[in-house]
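A.B. asks: The residues making up each chain are set out below.
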Amino acid sequence: MASLGSFLLMATLVVSAYAIAASVAGARRGSRSLVESGVGAFYLSAALMTAASAVIIHAFVTDNYSLKYVQHYSDLAQPLFYKITSYWGGLDGSIMFWVFLLALFGSLAVYVNRDRHRELIPYVVAIISAVQVFFLFMMIVHKNPFETFLVQAPADGRGLNPLLQNIYMVVHPPSLYIGFVGMTIPYAFGMAALITGHLDDSWLRAVRRWTMVSWLFLSLGLTLGMIWAYEELGWGGYWGWDPVENAGLLPWFTATAFLHSVIVQERRGMLKVWNVSLVIITFFLTIFGTFMTRSGIVQSVHAFGEDRTLTWMFTVFMAAILLFSFAWVIRRLPLLKPRYDLDSWFSREAAFVANNWILLIAAMLVLFGTMFPTMSEALTGNRLTVGPPFFNRWMAPIGLILLLLTGVAPLLAWRRSSLASLREQFVWPAVFTAVVTVALVGLGVRVWTSGICFALCAFVAATITQEFVRGARVRQEATGTDRLTAGIGLVMRERRRYGGYIVHLGIVLMFLGFAGEGFKTDQQLLLKVGEEATVRHVTVRNNGVKVTEDAQKQMVTGHIAVSENGESRGTMYPARWFYRKHEDQPTTEVAIRRTVAEDLYLVMPAYDVNDQSMSLQVVITPLVNWIWAGFGVLVLGTGIALLPERAFALALGRVPAEASTT
Amino acid sequence: MKQKSVKIGITSLVLVLALGGLLYSTLSEGTEFYKHVDEVMVNPEAWHGKNLQLHGFVVKDSILRKRDSLEYRFKVQSKGAVIDATYTGIVPDTFKDESEVVLKGRLDASGFHVAPNGVMAKCPSKYDAKKGLTGPGA
Numbered sequence: 019m020a021s022l023g024s025f026l027l028m029a030t031l032v033v034s035a036y037a038i039a040a041s042v043a044g045a046r047r048g049s050r051s052l053v054e055s056g057v058g059a060f061y062l063s064a065a066l067m068t069a070a071s072a073v074i075i076h077a078f079v080t081d082n083y084s085l086k087y088v089q090h091y092s093d094l095a096q097p098l099f100y101k102i103t104s105y106w107g108g109l110d111g112s113i114m115f116w117v118f119l120l121a122l123f124g125s126l127a128v129y130v131n132r133d134r135h136r137e138l139i140p141y142v143v144a145i146i147s148a149v150q151v152f153f154l155f156m157m158i159v160h161k162n163p164f165e166t167f168l169v170q171a172p173a174d175g176r177g178l179n180p181l182l183q184n185i186y187m188v189v190h191p192p193s194l195y196i197g198f199v200g201m202t203i204p205y206a207f208g209m210a211a212l213i214t215g216h217l218d219d220s221w222l223r224a225v226r227r228w229t230m231v232s233w234l235f236l237s238l239g240l241t242l243g244m245i246w247a248y249e250e251l252g253w254g255g256y257w258g259w260d261p262v263e264n265a266g267l268l269p270w271f272t273a274t275a276f277l278h279s280v281i282v283q284e285r286r287g288m289l290k291v292w293n294v295s296l297v298i299i300t301f302f303l304t305i306f307g308t309f310m311t312r313s314g315i316v317q318s319v320h321a322f323g324e325d326r327t328l329t330w331m332f333t334v335f336m337a338a339i340l341l342f343s344f345a346w347v348i349r350r351l352p353l354l355k356p357r358y359d360l361d362s363w364f365s366r367e368a369a370f371v372a373n374n375w376i377l378l379i380a381a382m383l384v385l386f387g388t389m390f391p392t393m394s395e396a397l398t399g400n401r402l403t404v405g406p407p408f409f410n411r412w413m414a415p416i417g418l419i420l421l422l423l424t425g426v427a428p429l430l431a432w433r434r435s436s437l438a439s440l441r442e443q444f445v446w447p448a449v450f451t452a453v454v455t456v457a458l459v460g461l462g463v464r465v466w467t468s469g470i471c472f473a474l475c476a477f478v479a480a481t482i483t484q485e486f487v488r489g490a491r492v493r494q495e496a497t498g499t500d501r502l503t504a505g506i507g508l509v510m511r512e513r514r515r516y517g518g519y520i521v522h523l524g525i526v527l528m529f530l531g532f533a534g535e536g537f538k539t540d541q542q543l544l545l546k547v548g549e550e551a552t553v554r555h556v557t558v559r560n561n562g563v564k565v566t567e568d569a570q571k572q573m574v575t576g577h578i579a580v581s582e583n584g585e586s587r588g589t590m591y592p593a594r595w596f597y598r599k600h601e602d603q604p605t606t607e608v609a610i611r612r613t614v615a616e617d618l619y620l621v622m623p624a625y626d627v628n629d630q631s632m633s634l635q636v637v638i639t640p641l642v643n644w645i646w647a648g649f650g651v652l653v654l655g656t657g658i659a660l661l662p663e664r665a666f667a668l669a670l671g672r673v674p675a676e677a678s679t680t
Numbered sequence: 100m101k102q103k104s105v106k107i108g109i110t111s112l113v114l115v116l117a118l119g120g121l122l123y124s125t126l127s128e129g130t131e132f133y134k135h136v137d138e139v140m141v142n143p144e145a146w147h148g149k150n151l152q153l154h155g156f157v158v159k160d161s162i163l164r165k166r167d168s169l170e171y172r173f174k175v176q177s178k179g180a181v182i183d184a185t186y187t188g189i190v191p192d193t194f195k196d197e198s199e200v201v202l203k204g205r206l207d208a209s210g211f212h213v214a215p216n217g218v219m220a221k222c223p224s225k226y227d228a229k230k231g232l233t234g235p236g237a
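Going down the list, the sequences are from chains A and B.
So our numbering is basically just the index in the first sequence, starting at one, shifted up by 18.
So our numbering is basically just the index in the second sequence, starting at one, shifted up by 99.
FYI, nobody ran anything at the bench for these hints, they're computed from the structure.
By construction, the Cβ of each residue, glycine as well, lies at the ideal position given by its N, Cα and C atoms.
Any given hint could turn out to be false.
As the list claims (entries may be wrong) - With a Cα cut of at most 20 Å, we get these calculated EDC-like pairs of lysine to aspartate or glutamate:
{"#": "1", "chain 1": "A", "residue 1": "K546", "chain 2": "B", "residue 2": "D167"}
{"#": "2", "chain 1": "A", "residue 1": "K546", "chain 2": "B", "residue 2": "E170"}
{"#": "3", "chain 1": "A", "residue 1": "K599", "chain 2": "B", "residue 2": "D196"}
{"#": "4", "chain 1": "B", "residue 1": "K195", "chain 2": "A", "residue 2": "E601"}
{"#": "5", "chain 1": "B", "residue 1": "K174", "chain 2": "B", "residue 2": "E199"}
{"#": "6", "chain 1": "A", "residue 1": "K571", "chain 2": "A", "residue 2": "E249"}
{"#": "7", "chain 1": "B", "residue 1": "K106", "chain 2": "A", "residue 2": "D359"}
{"#": "8", "chain 1": "B", "residue 1": "K103", "chain 2": "A", "residue 2": "D359"}
{"#": "9", "chain 1": "B", "residue 1": "K195", "chain 2": "A", "residue 2": "D602"}
{"#": "10", "chain 1": "B", "residue 1": "K165", "chain 2": "A", "residue 2": "D626"}
{"#": "11", "chain 1": "B", "residue 1": "K103", "chain 2": "A", "residue 2": "D361"}
{"#": "12", "chain 1": "A", "residue 1": "K599", "chain 2": "B", "residue 2": "D192"}
{"#": "13", "chain 1": "A", "residue 1": "K599", "chain 2": "A", "residue 2": "E567"}
{"#": "14", "chain 1": "A", "residue 1": "K564", "chain 2": "B", "residue 2": "D192"}
{"#": "15", "chain 1": "A", "residue 1": "K571", "chain 2": "B", "residue 2": "D192"}
{"#": "16", "chain 1": "A", "residue 1": "K571", "chain 2": "A", "residue 2": "E607"}
{"#": "17", "chain 1": "B", "residue 1": "K159", "chain 2": "A", "residue 2": "D602"}
{"#": "18", "chain 1": "A", "residue 1": "K571", "chain 2": "A", "residue 2": "D626"}
{"#": "19", "chain 1": "B", "residue 1": "K165", "chain 2": "A", "residue 2": "D629"}
{"#": "20", "chain 1": "A", "residue 1": "K564", "chain 2": "A", "residue 2": "D629"}
{"#": "21", "chain 1": "B", "residue 1": "K149", "chain 2": "A", "residue 2": "E395"}
What the hints assert, rightly or not - These stretches of chain B come out as covered by chain A in the derived footprint (C-beta under 8 Å, 3 or more residues):
{"#": "22", "region": "114 to 126"}
{"#": "23", "region": "164 to 172"}
Let's have the full structure, built from the sequences with the hints guiding it.
C.D. replies: Written out as structure tokens, the structure reads:
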């Protein structure tokens, strides 16, 4: 089996290399058949990767521990589900999974666009294949998941880390990968447009949807990572500015910037160089992020585990990407002249430019902070690190400015906003914001970043509502239906615009949740059995520590009676689980009581089974569920923006007026 | 056209300078030196009062916990150099004898004082290059 797997990887490498050669040669000589064969080879690479994936999944399912990778990440006791998902549980497999996804997405993108963008296709194939070749090469010479034990294979595996045996970790990595890999497609189309010189807006239309889908998955991946950290790691937070998290956030910033600036290019023919650059940078950051998390150059504790070969391979590849891409941008500069110049700073395009700058600055700051330890060590020999305080300090104001722009931009007109229109647009949101601000001060909100955040959330929510109400009113007058029908019709008519507003609404809700962080309480208690303690309005009482077992693990569970303001809220069960073979690494099972207003979050880090005492961490996190709810709204909005034209025509079931009978 | 590029140039310059200045000021207070125990012990006085992230290994059988409290005393070592450390709070699961740790805190004559939530222990995990750190903030 192992040799079949290795063979498949090598075959994919050869086929991908052929795809590059054939499609480029075909495009240059104008040979239709050569291009066709390149495209065929490209589809074949996807098929081969699917087969290779089937082989490795088969090895996992049949407990084939002669494969080092399988032995490392699985064991006999592991449930089938986790056996399958162990495919991407480790480094080698995750790279292979990456190539598999890329080949699949690439084939789909090429298939969908094969007629509409015929002139771009050969180069799209070549670029995606080149990325595949890089990763395949790396796997074959350095990180082959099909590597076998030279001597006797062990009878059982070591098992997947228990921390990873939960549903979020099953869904989180693939959705991040989909987001990362998906960004290769816009890059490939962008580069193809540069190389062929077909730099009208048609390549943008081909990639807009891809970027949006990839962006959605990236957001999903990041959010799932947050939920995982919150529910599994047991420190009461969801974002620690860990390099791995940052790696996912970087392309998210630039992709968000691109999704906005692309609108400016469509409407006004501006920002052309900017848009190609964003596509390139986003792709670069996905590769850079992979590099950062896989090579161990960043995490301090991993410094010993640094993988020099991997570092070199990635460095060469990344340098090549930048040189190649920006050389073409510079070469095509004359074709990338804007159609118009910026007329006024009080225009929507200006607000979009500002939003783009700030997103880019955010990305640069996060990159800077993440790489700072590595850079300082290289420059001064002293490894200096920056922690969450640095990031929070910078990102809080940046987030607030972005939130403000989210509210302001839709109120500005394209080209130039007149004073009268500014007044008309801003009156209601401003009044509403003022009212909320007064209320906040009246309520005694002390944490002023959170206070500003609440006020801005109110502002943005007001502008979005205003947009919907005004739009619906106009449509109601035009069509003569009721307000609700008009509202739905409005959203369906301009799906990208109103879907976008709904996404903004989701972001507002998420910011509400982030602002809740300012009011967090975190206390560590020591409780003897029967003892009570009160944290703010919550009283906890230690009713004992119990030990139970099941097939996979031993569980030590704390029984905590909880009451709020004297009213009983039942019992909560924070626990420690000791998985077999991982006894030295118990997992923390957090007990969470969720409400709309706040979460009560209990962790039992230490206990004594003999005298039933425990240490208990009590965390009260206000508004945290709004983050998850906001993400749901964001998904809904993106979904609406993504709805294809045809689905919309069907959904509305529009019938010609004369055909209707009364 | 010329005028425009001058404008853009000046704007960018001002922005870069402002950003650089702000970065410098936040960095100077927020950074921590990442050092191994042996590096620090060459000249411990030089590190007194500085924000440190101290890398080392917990000395076997050195972890003491005051009864009915969350006060810990332990020793960390690397390459033969040893420092006494104190900490109050909850330690991560992976903090135990001989585990590899990174401690955030400050050094003085009496030893290393770990800041709240400043203990990060490396899990001896299979999950190598991804989430190697567990504990608060990781």
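A.B. asks: Between the alpha carbons of A:K571 and A:E607, is the straight-line distance 20 Å or under?
C.D. replies: Holds, because 13 Å separates the two Cα atoms, which is no more than 20 Å.
A.B. asks: Given the hint that B:K159 pairs with A:D602, does the C-alpha gap stay at or below 20 Å?
C.D. replies: It holds: about 15 Å lies between the C-alpha atoms, which stays within 20 Å.
A.B. asks: Does B:K195 pair with A:E601 here, judged by a C-alpha cut-off of 20 Å?
C.D. replies: holds (13 Å)
A.B. asks: Would the pair A:K571 and B:D192 pass a check requiring their Cα atoms to be no farther apart than 20 Å?
C.D. replies: holds (16 Å)
A.B. asks: What's the verdict on B:K165 and A:D629, does the C-alpha distance respect the 20 Å limit or exceed it?
C.D. replies: holds (16 Å)
A.B. asks: Could you grab the alpha-carbon distance between A:K571 and A:D626 and see if it respects the 20 Å cut-off?
C.D. replies: OK: A:K571 and A:D626 at ~19 Å, within 20 Å.
A.B. asks: Tell me if the straight-line CA distance from B:K174 to B:E199 falls inside 20 Å.
C.D. replies: holds (12 Å)
A.B. asks: Next pair to validate is A:K571 with A:E249; report whether the Cα-Cα distance is within 20 Å.
C.D. replies: holds (19 Å)
A.B. asks: Is it true that the CA of B:K103 sits at most 20 Å from the CA of A:D359?
C.D. replies: Holds. B:K103 to A:D359 sits at ~11 Å (cutoff 20 Å).
A.B. asks: Mind checking the alpha carbons of A:K564 and B:D192 for me, to see if they're no more than 20 Å apart?
C.D. replies: holds (19 Å)
A.B. asks: Is the Cα-Cα distance between B:K149 and A:E395 20 Å or less?
C.D. replies: Holds - the C-alpha atoms of A:E395 and B:K149 are around 17 Å apart, at most 20 Å.
A.B. asks: Do three or more residues from the region 164 to 172 of chain B put their C-beta atoms closer than 8 Å to C-beta atoms of chain A?
C.D. replies: holds (count 3)
Consistency with the previously given hints is maintained throughout, with no hint failing.
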